Amino acid sequence: MNAVTPAGRPGSPTRALVVWCPDWPVTAAEIIDGVPATGPVAVLHVNRVVACSAAARADGVHPGLRRREAQSRCPGLTVLDHDPARDARAFEPVVAAIEQVVAGVEVHRPGACAVAARGPARYFGGEEAAAEQIVEHVAQACEVESQVGVADGFFAAGLAARTGRIVPPGDSRTFLAGLPLRVLGRPELAGLLRRLGLRTLGDFAALPARDVLARFGPDAALAHRLAAGRDEQPFTPRQPPPELSVTADYDEPLDRVDAAAFAARALAEQLHDQLSGYGLACTRVGIEAVTAHGQELHRVWRHDGMLTAAAITDRLRWQLDGWLTGAAARRPGAGTAAAPPAPTAGIVRLRLVPDGVLARVALQPGLWGEIGEEDARARRALTRVQGLLGPDAVVTAVLGGGRSPVDQVRLVPWGDERVPARPGQPPWPGRLPPPAPAVVLPAPLPAEVYDAAGEPVTVSARLVVSAAPARVAVGTGAPVDVIGWAGPWPLDERWWAPAEARRRARFQVALADGSALLIARTDGRWVVEAVYD
Amino acid sequence: MAGRMVAGTAALSAVAAANLVRPASALAGGAGSAATAGTPDPTGLPGSAGIDQVLPVPTMLTGLLPGRGLRRGSTVNVLPHRSARLGATSLLLALLAEASRAGLWCAVVGVPALGVTAAAELGIALDRLALVPNPGPDWPAVVAALIDGVDVVVVAAPAAVTAQVTGRLAARARQRGCVLVPCGRWDAPDVTLQVVNGRWEGLGPGRGRLRRREMVVSARGRGALNRPREIRIWLPGGPPPAAAAPATGIIRRARRAELTLVRRG
Chain C
4 MNAVTPAGRP GSPTRALVVW CPDWPVTAAE IIDGVPATGP VAVLHVNRVV
54 ACSAAARADG VHPGLRRREA QSRCPGLTVL DHDPARDARA FEPVVAAIEQ
104 VVAGVEVHRP GACAVAARGP ARYFGGEEAA AEQIVEHVAQ ACEVESQVGV
154 ADGFFAAGLA ARTGRIVPPG DSRTFLAGLP LRVLGRPELA GLLRRLGLRT
204 LGDFAALPAR DVLARFGPDA ALAHRLAAGR DEQPFTPRQP PPELSVTADY
254 DEPLDRVDAA AFAARALAEQ LHDQLSGYGL ACTRVGIEAV TAHGQELHRV
304 WRHDGMLTAA AITDRLRWQL DGWLTGAAAR RPGAGTAAAP PAPTAGIVRL
354 RLVPDGVLAR VALQPGLWGE IGEEDARARR ALTRVQGLLG PDAVVTAVLG
404 GGRSPVDQVR LVPWGDERVP ARPGQPPWPG RLPPPAPAVV LPAPLPAEVY
454 DAAGEPVTVS ARLVVSAAPA RVAVGTGAPV DVIGWAGPWP LDERWWAPAE
504 ARRRARFQVA LADGSALLIA RTDGRWVVEA VYD
Chain A
801 MAGRMVAGTA ALSAVAAANL VRPASALAGG AGSAATAGTP DPTGLPGSAG
851 IDQVLPVPTM LTGLLPGRGL RRGSTVNVLP HRSARLGATS LLLALLAEAS
901 RAGLWCAVVG VPALGVTAAA ELGIALDRLA LVPNPGPDWP AVVAALIDGV
951 DVVVVAAPAA VTAQVTGRLA ARARQRGCVL VPCGRWDAPD VTLQVVNGRW
1001 EGLGPGRGRL RRREMVVSAR GRGALNRPRE IRIWLPGGPP PAAAAPATGI
1051 IRRARRAELT LVRRG
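One line per chain: the protein sequences are C and A, in this order.
If you count the first sequence from 1, position 286 lands on 289 in the working numbering, and the numbers rise without skipping.
If you count the second sequence from 1, position 53 lands on 853 in the working numbering, and the numbers rise without skipping.
It is worth saying that the hints were derived from the structure and are not from the lab.
Computed from a predicted model, the values in this text were never measured in an experiment.
Just to be clear, a hint being listed does not mean it is correct.
[Unchecked claim] Partial selection, computed: residues in chain A whose CB lies under 7 Å from chain C:
| no. | residue |
| --- | --- |
| 1 | VAL916 |
| 2 | THR917 |
| 3 | GLU921 |
| 4 | ALA930 |
| 5 | VAL942 |
| 6 | ALA945 |
| 7 | ASP948 |
| 8 | VAL996 |
| 9 | ARG999 |
| 10 | TRP1000 |
| 11 | LEU1003 |
| 12 | ARG1007 |
| 13 | ARG1009 |
A virtual CB, placed ideally from N, CA and C, is assigned to each residue, including glycine.
Work out the full structure, taking the sequences as your base and the hints as a guide.
What follows is the structure, encoded as structure tokens:
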């Protein structure tokens, strides 16, 4: 039974099994982008071929070739850009498929991953049987061609996988000795050694290790150890990402708030226990519900502290309350756009998805009670209103830079990070002097401005006011005498972006009835921007 | 203004306020500051959310309100002037400013046009100011939820309010120790503040800029306010310094206006 490697002395290479998918960048392009890998395909990075399909290889394309050269050898070549993210994304299902067969997979790079051979070999009754199982399962699950190599040490196993060999235990050194130097993956070192008359790994391994270190440096010393089959790279299997979301199914649909609240409590505690078991906490939690009619409701709750079990319970209960009772209350009135869709039946499945997961140590309550009892009470109340109206209905304002009162303010949904829309630090010449208007109209009101003779006042392109404003009429109201005015204060913003460009001349006017307005002349019209109420 | 002047300058009222009203910052600071201050606390126990507690307001407004501040559990109605916009919103923001600065929470419901920059200039902490611009048809439920947790709730009732709804919300505010500040018509508030008169300073014909507003605010209500009071305030900031006042007519008015509290007899 050659499958089992004795737990040898420390430093002896692990018996390793490497799964290798040939031409992975080409295969990944087929999986993700749908480029058929059967035709001549080459993946290029900075004008050099990185990988090519078998058809392209048959025409003489090989890695390292220039684009022009590759296209001249194979005129029908499909050329793709190298995208490591695409390779990794396509490889993820393959790793998942291998994990279904064997445990503890270590991904070397997209297209190659390794497992310790000992366990699978024992389980499947031999390394060959294990290799067959893996190749078979990967082919069935992902329709991906793969090869398996087994040897002592991951380096040797990776090379064995190129030819699909199973190197018997102890033979790895011999196996490596016949291989050319370029398999080390160090072109400079390989070139140097070739000029010194060394052709194979065996030649290189025969050099004294001390001299290699002294002459070529530590990286070459590592390559020397690999070439000699002394691969002591520790095995670091991938930790499959833990599944953190919790789901509960209910045979009896939840259509009453009290029943839902009871269910919510159990589910929230389950989520919290699971998170704290991993030493994690979440700052957002997504609540998903499926009703008996198959309707799916989803809402993400944010929190700017750590979500405790009670906080998760509260949010879940409020959300269910909002969904179940809001449905009845909202139907007669015209539903606002922000209102969540109302469920038409009881809830049969609940799922809590933690989001914004971070290590628990990152969140600590304030030492001097920055978040006190009053704050907690206010936060609860505001979150409750969010449950009634939707998360965007409760906002806090952040002041930033900008020239008009509307621009300076950004309204952030409660619980979100308070970041201004524009930086306040570079000065904004042309911003209005304080005091700021207490009423900023969301949509400007049309107005008319007349001079003493009753003629409309205009402002020319050179900011010449035709006459002193004497009367202002807002909307359809009666004209009111002007007792003081100042302006025009020109504002010509973002002229380089036609969609956002604004050009206006602003005036402050004080009226005889005691009020004061911020009015502006824009596009040949007068508008009221804000009221100094 | 055909009234009898009874109280002194703004400076005097500031001293009075310091003696009579404990700012909530002292309350938040805990019992230690109360002990070191050594003065009797007429407004309630430190830290207790009792009905007797009074939230601080800027000194210029102390003369308007019974207890010289916003009494927890009370309803303070702010009415705009009948015809013109003479500063009701600024008055509203000024009422919140001191409480917000002292670490309390405020919420404004149903005012989509609120000038947040003005609120910040008047001293309101924006991270403790929650806005619900569009509460929708179910606004009483929203206000009730806010009353449970927020110290000062400003409501602009979107539609005509029934006495039943106002009564219910006022009772809830009384029970929870929250100050309810409705603007617009409201039935049976404890205090009604109304801007009677207003005038802006700083703007001439084609020059200057708006600097401050002088406004006359009347207060009427129950108890001590059975006889309505009127007071003259300047927003933002206090009364104009006589030296900085520009033209002649204004100087005369400013000097005459040193006596701030006016009671209409």
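>> Take the shortest C-beta to C-beta distance between LEU1003(A) and chain C; is it under 7 Å?
In response: holds (3 Å)
>> Tell me if the interface restraint on ALA945(A) is satisfied: Cβ within less than 7 Å of some Cβ in chain C.
In response: holds (5 Å)
> Under the criterion of a CB-CB separation shorter than 7 Å, is VAL916(A) in contact with chain C as hinted?
Replying inline: holds (4 Å)
> Is the shortest C-beta separation between ALA930(A) and chain C less than 7 Å?
Replying inline: holds (5 Å)
>> Checking hints one by one. Is TRP1000(A) an interface residue toward chain C, by the C-beta closer than 7 Å rule?
In response: Status holds, d = 5 Å.
>> Min Cβ distance, GLU921(A) to chain C: is it shorter than 7 Å?
In response: Status holds, d = 6 Å.
> How about ARG1009(A): closest beta carbon in chain C under 7 Å, or not?
Replying inline: With a minimum Cβ separation of about 5 Å from chain C (threshold 7 Å), the hint on ARG1009(A) holds.
> Measuring from the C-beta of ARG1007(A) to each C-beta in chain C, is the shortest one below 7 Å?
Replying inline: For ARG1007(A), the interface hint holds, since the closest Cβ of chain C sits about 6 Å away, which is under 7 Å.
>> Is the interface hint satisfied for ARG999(A)? The criterion is a beta-carbon contact with chain C at less than 7 Å.
In response: holds (5 Å)
> Is the shortest C-beta separation between VAL996(A) and chain C less than 7 Å?
Replying inline: violated (10 Å)
>> Tell me if the interface restraint on VAL942(A) is satisfied: Cβ within less than 7 Å of some Cβ in chain C.
In response: holds (5 Å)
>> Can you verify the interface hint for THR917(A): is its Cβ closer than 7 Å to any Cβ in chain C?
In response: holds (4 Å)
Against the hints set out earlier in the document, a violation occurs for number 8 only.
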